[in-house]
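J.: Each chain, written out:
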Amino acid sequence: MASSARSRRIVVVGASLAGLSALETLRQDGFDGELVAVGAEPVLPYDRPPLSKQVLQGTWEPEKTELRDQAQYDLLGVTWHLGRRATGLDPAARTITLDDGEPLAYDGLVIATGATPRWLPGSVGLDGVYVLRTLDECLALRAEFERAPRVCVVGAGFIGAEVAAAARQRGLDVTVLEALPAPLARAFPAEMGAACAALHLDHGVDLRCGVTVAGFEGEGRVTGVRLGDGTVVEADVVVVGVGVVPETGWLESSGLALDNGVVCDSTCAAGAPGVVAAGDVARWPNNLFGETMRVEHWSNAVEQGAAAAKRLLAGPGEAVDFSPVPYFWSDQYEAKIQFLGRCCPTDDVRIVNGSVDERRFVALFGRDGRLVGALAFSRPRLLMAYRKLLAAKTSFEDALAHAAQAG
Amino acid sequence: MRVVVDFDRCQSNAVCMDVAPEIFEVRDDNLLYVLAEKPAEVMRPKLDEAVRRCPTQAISIAED
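So the sequences go chain by chain: D and B. Note that my numbering has the first sequence beginning at 6, numbered continuously upward. Note that my numbering has the second sequence beginning at 2, numbered continuously upward.
Some hints could be false.
Stated by the list, open to error - Result set (DSBU-like, lysine-lysine): computed pairs, CA atoms no more than 30 Å apart in a straight line:
id	chain 1	residue 1	chain 2	residue 2
1	B	Lys39	D	Lys393
2	B	Lys47	D	Lys58
3	B	Lys39	D	Lys398
4	D	Lys58	D	Lys69
5	D	Lys69	B	Lys39
6	D	Lys398	B	Lys47
7	B	Lys47	D	Lys393
8	D	Lys393	D	Lys58
Derived from the structure by calculation, the hints contain no laboratory data.
One chain only, chain D, in its complex shape (with noise of 0.2 Å):
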């Protein structure tokens, strides 16, 4: 349990979800120290989901979209350094560096710090493109929505699909482009991201696989896009979805190990006495799996930064694993898109109510004899029964024999 003499002052770099989810864990766990955050953006953590979703859609207000309200954050009891970025990492002498110089030595240091949007050569400073991480640029191009403009958005992961959801429930007209064959072909079975794919082409978007972006048309504003078999497609609008990358630039020269993000044991200590990373920054062996993993959802912020928290406060031999079973979750048109467990493309599909026709389904996911994970399109009853099954490491014969009787 927490002693005070222990870690006397804990530094959570990330204002983010995961940050949050540190830092309320520290408290209820019993840490009466002192606790500082430092966030590069110039607000107090907000939820990002409802930015390629409802507030883009125009239906929320940006307030809506805070975690916490002033009294939450009052009893919390945090020093918050926002609109500051951390530039450097002393392990030896427990000091963060701030973008002003200043250091700030630590007892505990939680690594928060996310990750952040890829751009495309040739994209950069063009206005009119855009990607989607920040409310910034979600209101920024919520703006830009609201002159009625052609969208183009290349990318058709989760937020590139939501971007163009939104776009098409505001009437907008909408080309998605994708250089696989099939939206999500890297994470899922073919037949998964055909059913990705049938929901856009239900809504009327333009969806184009198997392209490759070749450069951007216009001088100081973007006026297309411009496709490896010399095709321009007219846009005014461009969102740019292909991936993220973890913000580890700033511990470059700490000596902590990074590949892929903060490399992480199975207890989430990143190498260095009183280290911690969570969310989407860290890279972590998670046992349940037996694979190194990093995750960007919601779900994983929230728990792995709790898992963090605890790490830090645990004291010898006292360290647990983190093992979750992965969730995310995509709501795009009518349609709720919810993942449990992991998978990749050559995994046995079977789909075990519903079907793709439907835009209703659950499908599980085999590897080796086991049960790995677990697909739903509107079916989120059916879908949670899984997460246990999938902590339990139930084989794939009993989790079909499950499905049989569920229905």
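We have chain D; now place chain B onto it with these hints.
T.: Just chain B now, kept in the frame of chain D:
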């Protein structure tokens, strides 16, 4: 304590049902039903967890 669900936020992820099936149920109509609006105090840890893990932050606890 009283369970409060903001149904403008709720998107029926059913995470709450996974955490506290005694209190929450998402039915086949894909809507959330609160089974116990005033659960016993012994349920508080589970309810706290459901509040924390709700992907749309739709659940809160009123102390009245």
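J.: Decide, hint by hint, whether the structure agrees.
T.: Each hint, compared with the structure:
no.: 1; hint: B:Lys39 - D:Lys393; verdict: 26 Å, holds
no.: 2; hint: B:Lys47 - D:Lys58; verdict: 29 Å, holds
no.: 3; hint: B:Lys39 - D:Lys398; verdict: 35 Å, violated
no.: 4; hint: D:Lys58 - D:Lys69; verdict: 12 Å, holds
no.: 5; hint: D:Lys69 - B:Lys39; verdict: 26 Å, holds
no.: 6; hint: D:Lys398 - B:Lys47; verdict: 23 Å, holds
no.: 7; hint: B:Lys47 - D:Lys393; verdict: 16 Å, holds
no.: 8; hint: D:Lys393 - D:Lys58; verdict: 29 Å, holds
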